[in-house]
Amino acid sequence: MIDRGSNKPKFVYVTYIRTTPERLWAALTDPQTIRQYWFGMTAECDFKPGSAWSLKFEDGRTADTGEILEADPPRRLVIRWRNEFKPELKAEGYSRCTMEIELADYYPDFGGKAVKLTIHHEIEGEGGGKFIEAVSGGWPKVLSNLKSLLETGDAAFQK
Amino acid sequence: MVDSTKFKPKTVYVIYIAATPEKVWQALTDPAFSKQYFFGFAVDMEPTTGGRFRLLWPDGRLHVSGEVVEWTPPRRLSVTWLVEGMKDFGELPQCLVSYDIVASGDAVRLTMTESHSWDVPRDILRGGEMGWPKILSGLKSLLETRKPLVTGNEGPPPEFMEAVKRAVAEKPWLRS
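The listed protein sequences derive, respectively, from chains A and B.
My numbering numbers the first residue of the first sequence as 1 and each following residue consecutively.
My numbering numbers the first residue of the second sequence as 1 and each following residue consecutively.
Check before you lean on any hint, since a few could be wrong.
Unchecked claim - Only pairs whose alpha carbons sit at most 27 Å apart, straight line, appear in this in silico DSS-like list of lysine-lysine:
{"#": "1", "chain 1": "B", "residue 1": "Lys171", "chain 2": "B", "residue 2": "Lys6"}
{"#": "2", "chain 1": "A", "residue 1": "Lys130", "chain 2": "A", "residue 2": "Lys10"}
{"#": "3", "chain 1": "A", "residue 1": "Lys8", "chain 2": "A", "residue 2": "Lys113"}
{"#": "4", "chain 1": "A", "residue 1": "Lys86", "chain 2": "A", "residue 2": "Lys10"}
{"#": "5", "chain 1": "B", "residue 1": "Lys6", "chain 2": "A", "residue 2": "Lys10"}
{"#": "6", "chain 1": "B", "residue 1": "Lys171", "chain 2": "B", "residue 2": "Lys8"}
{"#": "7", "chain 1": "B", "residue 1": "Lys8", "chain 2": "A", "residue 2": "Lys130"}
{"#": "8", "chain 1": "A", "residue 1": "Lys113", "chain 2": "B", "residue 2": "Lys23"}
{"#": "9", "chain 1": "A", "residue 1": "Lys130", "chain 2": "B", "residue 2": "Lys10"}
{"#": "10", "chain 1": "B", "residue 1": "Lys87", "chain 2": "B", "residue 2": "Lys171"}
{"#": "11", "chain 1": "B", "residue 1": "Lys35", "chain 2": "A", "residue 2": "Lys113"}
{"#": "12", "chain 1": "A", "residue 1": "Lys56", "chain 2": "A", "residue 2": "Lys130"}
{"#": "13", "chain 1": "A", "residue 1": "Lys90", "chain 2": "A", "residue 2": "Lys113"}
{"#": "14", "chain 1": "B", "residue 1": "Lys165", "chain 2": "B", "residue 2": "Lys87"}
{"#": "15", "chain 1": "A", "residue 1": "Lys130", "chain 2": "A", "residue 2": "Lys90"}
{"#": "16", "chain 1": "A", "residue 1": "Lys113", "chain 2": "B", "residue 2": "Lys165"}
{"#": "17", "chain 1": "B", "residue 1": "Lys8", "chain 2": "A", "residue 2": "Lys8"}
{"#": "18", "chain 1": "A", "residue 1": "Lys130", "chain 2": "A", "residue 2": "Lys8"}
{"#": "19", "chain 1": "B", "residue 1": "Lys10", "chain 2": "B", "residue 2": "Lys165"}
{"#": "20", "chain 1": "A", "residue 1": "Lys8", "chain 2": "B", "residue 2": "Lys10"}
{"#": "21", "chain 1": "B", "residue 1": "Lys10", "chain 2": "A", "residue 2": "Lys10"}
{"#": "22", "chain 1": "B", "residue 1": "Lys87", "chain 2": "B", "residue 2": "Lys23"}
{"#": "23", "chain 1": "A", "residue 1": "Lys130", "chain 2": "A", "residue 2": "Lys86"}
{"#": "24", "chain 1": "B", "residue 1": "Lys8", "chain 2": "B", "residue 2": "Lys87"}
{"#": "25", "chain 1": "B", "residue 1": "Lys6", "chain 2": "B", "residue 2": "Lys165"}
{"#": "26", "chain 1": "A", "residue 1": "Lys10", "chain 2": "B", "residue 2": "Lys23"}
{"#": "27", "chain 1": "A", "residue 1": "Lys86", "chain 2": "A", "residue 2": "Lys56"}
{"#": "28", "chain 1": "A", "residue 1": "Lys48", "chain 2": "A", "residue 2": "Lys10"}
{"#": "29", "chain 1": "B", "residue 1": "Lys87", "chain 2": "B", "residue 2": "Lys6"}
{"#": "30", "chain 1": "B", "residue 1": "Lys147", "chain 2": "B", "residue 2": "Lys23"}
To be verified - Pair by pair, the computed Cβ-Cβ distance ranges are:
{"#": "31", "chain 1": "A", "residue 1": "Ser54", "chain 2": "B", "residue 2": "Ala32", "range": "45 to 51 Å"}
{"#": "32", "chain 1": "A", "residue 1": "Glu102", "chain 2": "B", "residue 2": "Asp3", "range": "27 to 33 Å"}
{"#": "33", "chain 1": "A", "residue 1": "Pro31", "chain 2": "B", "residue 2": "Lys8", "range": "41 to 47 Å"}
{"#": "34", "chain 1": "B", "residue 1": "Trp173", "chain 2": "A", "residue 2": "Gly50", "range": "32 to 38 Å"}
{"#": "35", "chain 1": "B", "residue 1": "Glu170", "chain 2": "A", "residue 2": "Glu102", "range": "32 to 38 Å"}
{"#": "36", "chain 1": "A", "residue 1": "Ser54", "chain 2": "B", "residue 2": "Gly105", "range": "22 to 28 Å"}
{"#": "37", "chain 1": "A", "residue 1": "Ala26", "chain 2": "B", "residue 2": "Arg146", "range": "24 to 30 Å"}
Hints were generated in silico from the structure; no laboratory data involved.
Note that beta-carbon positions come from the ideal geometry of N, C-alpha and C, so glycine has one too.
Working from the sequences, and respecting the hints, build out all of it.
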């Protein structure tokens, strides 16, 4: 959902997934796996701090570019990114996307295993309303698909 | 019947589920399902607009009471929501919880909207912000894998309980 509590909008989303932090980290950083839940798009990156990062469409066009600010497997990944294919979104500049992975209420005695994934996404500068609106439509689709892929072996849907 | 136009959306959660709208509707309205993803609560509702809505603890005690404001299977369910099973909560104004179900390609988009009729403090909204992702992640897992998702329930944080106590003492909704 979009948090409008402060001056600038910020997208926050939490999902719980039946998996391990290591498997979730791998799914967030492996280009072949990303393609399976991100509607054919994939990231080109080695996910090391300071590395260049980009998200590409299936046909090779560039959707977004940026860099890895933090990578602490399997706990925390911070990507600085800017849209490259819609001028009105590109004009809002760089955003910062933070992904945090935690064990959720882990009770080994019950054999229960769920991992909590939290996404924070906000524009670095002022404003950013259009960009945040755009990612707030996309993230629930991508993360729902990621959850399905990890729990069932299949993405929930293709488009 | 409650005037739903007096309620403003405060918390929205969207999730996509590989299921039919009918199956998602059943998961929202059938206690055999809700017990498996809603912290053990059984939904108990009369299947009609104006009907009774309740959430019950496993031992049958009342947790949430309300009224079915909209019953339009398998597209839209809207209920008023008053937590009666916890100290102080029953004195807060009731809120409105709506579920919208829309087919989206091979999947279904489920949108949960929690709306309030007063300027509810952030600390009180935190309760729903913490709970809904667990509940709806669990609903998706149950429908897609037939197995419940174990997330546990550590209960609401102390600042949430404090905010409820303060609101009940000051009753800010009476001022407007």
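**OP:** Give me the numbers of the hints this structure contradicts, sorted from smallest to largest.
**Re:** Result: hints 3, 13, 16, 22, 26, 32 and 34 break, sorted rising.
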